[in-house]
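*Asks:* Chains A and B, in that order, give the protein sequences. Each residue of the first sequence is one higher than the one before, counting from 1 in this note's numbering. Each residue of the second sequence is one higher than the one before, counting from 1 in this note's numbering.
To be clear, the hints were calculated from the coordinates, so they are not data collected in a lab. Hints may be right or wrong, so weigh each one.
[To be verified] If you want the footprint, here are the derived chain A segments under chain B, 3+ residues with CB under 8 Å: (1) 102-113; (2) 252-258; (3) 280-289.
Here a beta-carbon is modelled for each residue, glycine too, at the ideal position from N, C-alpha and C.
If you want the building blocks of each chain, they are given just below.
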Amino acid sequence: MPEGGTPRTGLSRLSRYLPGQRREVTVLLALGVLMAAAPVAALLIVRDAIDKGMGHKEPTRLAVDVGIYLGVSAIAWLLQTTLVRGLAKVGQNVVLGLRQDLFDHLTTLSLRYFSEQKAGWIIARLTSDADALSDVLSQGLTTLVVNTLTILAAVVGLFIIDWRLALSALVILPPTLIIARKFQVSSHAAFLRVRETIAIMTAQIAESVSGMAVIQAFNRERAFLDEFDKANDANRRSNTHAQWLNSLFFPGIEVLSAVSMVSVLWIGGRLITHGSLTIGSVVSGVFVLNLIFQPLQELSDIYGQVQSAGAAMEKISSVLDTEAEIHNQPKAERLDIEGDLEFDQVTFSYGRDPVLHAISLHVPVGGCLALVGESGGGKSTSAKLVGRFYDPDSGAVRVDGHDLRTLELRGYRRQLGVVLQDPFLFSGTIASNIRFAQPNATDEQVEDVAKAVGIDRIARRFDDGLAHPVREGGAGLSAGERQLISIARALLADPRILILDEATSNIDRPTEILIERALDRLLRGRTSIIIAHRLATVRRANEICVVEHGHITQRGTFDSLLAVDGPFRSLAKDLEGQAQEMGLLPQSPPVIGSRESRSASVASSEPE
Amino acid sequence: MSGRPFLSVDPADLGFAPTAKGLAGLWRRERQLVAAGLVCAFAYSAISLAIPLVVQHAIDDSIAPAAGHHHNALWPYLLIVLVLALIRFPINFTRRYATSRTGIRVEARMRELLYQAYLRYPRAFYDAHATGQVVSRATNDLYPIRYFIGWGMTQGLQSLMMICGIAIVLFIVNVKLAAIALIAMPAVAILTYNFGRKVMPISRHVQQLKADVTEAADESVVGIEMVQAFGREDDVQGRFGEKAGFVRDGVVRQARVEATFLPGMIFLPTVSIAAVVYFGGHDVIHDHLTTGQFYLFYQLLLQLVWPLEALGWILSLAQRATASASRSFAWLRGIETIPEPESPRAVPDGPLSVQFENVHFAYSSGSEVLSGVELEVAPGEVIAVCGPTGAGKTSLLNLLPRFYDPTDGRVLLGGVDVRDLGIADLRSAVAIVTQRPILFSIPLRENLMAARPDAPWDEVLAACEAAGVAHFAEDLPDGYDTLIGERGVNLSGGQRQRVALARALIGGARVIVLDDPMSAVDTQTERHLVLNLRPALAGRTVLLATQRLSTVQVADRAVVLSDGEIVESGTPAELLASGALFGALFGEEVSAVA
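Pulled out of the complex, with its shape left as it was, chain A reads as follows:
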């Protein structure tokens, strides 16, 4: 029997998804037993037909036997129909429950988990591992249940026919089991190897396809073809090896079944001569052997499946057992926030060394705070703490005076708007991406916000406008276009607090001005945090903080910061000095644009 000790540990977890179906499972198992018994019973009837009907020349007995035989077969038919259907349903419900649990659990895990674990690894748990379980539970389960029971029934049947015949047939059982076991082990290894080589090859092809532009641009076709040939060849070899084993095993079982038949005939012949056995028993005994060897082959076939399913389940369990680092406290509070934001002596570290050292900040409702400074200084980390993607090691982040840790997480986050430097787009359309945080927004609302940030200009390029499809991760759109869409998404979310983390770095300045005006209009009275590198972008902030090495080294308004000698001025000077060096600065600097003059320049840049 193929169930070793290994898969059980992982697979037993699946029973969690059985409740509600327990009765169905019991019924199905009972049906399975009946179904396995049916062909054996049919053969016992054949024995009777041979010995009584034919041997004693009783045509009526023959007719009765055939009638029963057909009846039993018909019952077996019905049983199998029910069983195949029922087991598939039970198995699939289990897989669905597991998949959903796994996915739901994943969405609650913190960003730290996702930054430590590779995306590909996580996705494989949800897909190929869950599929491996699904395969076993849909096709494999029927094969496993029916064939295991059939072999047991056949052995019982042999003993019913004649115990001496049974023993003579089972002589080959020990070597058969040993060979089957050996085969299972090496074939499992072989098929693992096949899967591995397929995975490597598929990854190689996928990488080539998505990197084709670079391969072709650098004339690397030859090198990649060589690489591919290696992978393709390894796959061919591993496949050949697995088939070699298969080609040995099944003919081997065939030989053993012939040996077993010969031994039944030999013993049977002797016993008949002694008069202690009927010819019907011998013939039906030979037929029963089919019911042992055929299922044995099928079981060997799915043994590998069962083993991989066990391995898959173990990996899935490792994800399910990961505890969410950020979660709601028992008495978490739902709060409609105003947007008063406070960092109180916040210290935070990803690993051992703190990234933020006792930072204190305050942004009043409707205020705009800009964070500037070199990368790695802690700006983005601060923004992530506002979204409660991480909790501070010490100190607290408070909104409207409430520590974030006391708020109901999802409800709080729904009142935020976040735009990142390399924003992620979901496949769908431009419109569906804008709608992401507000699935119920009307078309007019989407169009308005698209217009406000200048997406309408981009959408005009496409025949289908805002309904233009967006592919995997936003491929086909430029970095700037993706940013515009994600800004529209954040605006439509109608957030109380907006976080722009280098959100306009890839957008040209006129469009950025357009966006700023839209923000001024749409976010009046709301709190915003801007992380930016363009000095022009941070002008509009009420307060600017220079963050360096996890400390706030300077804070103040744009003009007051420029007026004093400090880190902000040297940041500005850097840019200025460079510009001068390149001969970029005009002799007489133009007057710093007021809102009006800026909008004039925007108007001139807008294509009619």
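Add chain B to chain A, keeping to what the hints say.
*Replies:* Leaving out everything else, chain B in the frame of chain A:
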């Protein structure tokens, strides 16, 4: 001058006749293996018929001879059975092994052909087809072909041999009983065939549904920060659950079809067997049939089931294989590559100029992106291409290495139309850094040296210094030997861009195309890069698209692209003073600090 503007990149599936011819061609390539498989299949069928015949004689002549018949010794019969079984072992092994090797080899061959073709296909092909589709055509889609050619063709012929053999033996033994027994059997093949036809589309559909689940999983995992940031976990959970639910429904539907057909396929032969038991039993009673012959009928009917089922499978497999092959062959034959000149001209020596002459361009699916671009870049000049988001900068730059050809007008490199140069020559003269940097899952060192594997190490280091790679490379776990990508270290967007930049510098190309090469690089690093980059670019002609003034500063001259045309040109300082659009793009950035 301009030929047909658009390449054919989405050909219709091939018809049945050419597809069948193509498959036959693949089969013939493996004729030695196929022949070995067929010979063994014949021998296997013969032995599998002979064994029940010997057993029949053992029963009739030795175990249970009819009354008054001579009682032979049993052991010679059994010995013959054993010997036959032993002979059958190597034959069966060879049959299986040769057949599956045929399939494996055909699969590998098809994959090789497709991959080679992928390497030649133009960008337009990759715009038209999703990555997953292109990959699965060279992987999963090949399995029906493998199983049909590897297993189906030989097994089909063997099934026919077996069916004929069994029919002949049964008719020789007892014509009437054979007719009764065999009458229902062809229905097994028909049932199987219908089953295959019903279940295959469903299983293909289930595959598609599984792919949808993968996509949903992939998106949510990669985009988890967005999902959590907006608190939309419920939405994605609902969407994922819905897709996973579809898979369950699909599999259950498939099981329902199986539940309808499979038991029928098993039940049908039992009707035949019941007929044999009844009518054969009568014949035994009336001494028209021996017990051994009864055994023979019963046994051979059992042996007949699989070949008949196999025929049904093979027929439906054949349909799948031809469908899949017709798609693959259509790609292999119907996709146009960027045309190579018949007698390519050499790329001129020395620093190269670049000219765009009245260049028009449109993607096949949309309106014109470039409408009459005129641009001359002198040898060794560094030119910045600026313009609002979506102005056509990337489209313009992609014409130089011939990712696309212009729909009208010419692109000249060193005074020669790029369409007159060998594509490989052109691309070794022009290096491009794409907007989304693509690195491969190989060590950093190999990524850097991808364009010139024999580059001297000190040149590599110099380029890494200029591109800001050296800055972080030493901190990686294995330095320059660190494995990059899914199975290694994930670099940040800015780091990837710097590696791509260094890779282009190391390649030694005389023209370098930089498409927003520092968009993901932080400001401070960018400043460092801007200072270092200029010397590293010395002597090369550079086209640079950017959104940032600090990057524009690298350039000698800037042009502004707007609505597919160049509207302003001059040094950055000139443009700041006089260029309306350039001023709008960048003016404020300068004035803010001045």
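*Asks:* State the violated hints by number, sorted upward, taking the hints as numbered earlier in the document.
*Replies:* Of the numbered hints given earlier, the structure breaks none, since each of them holds.
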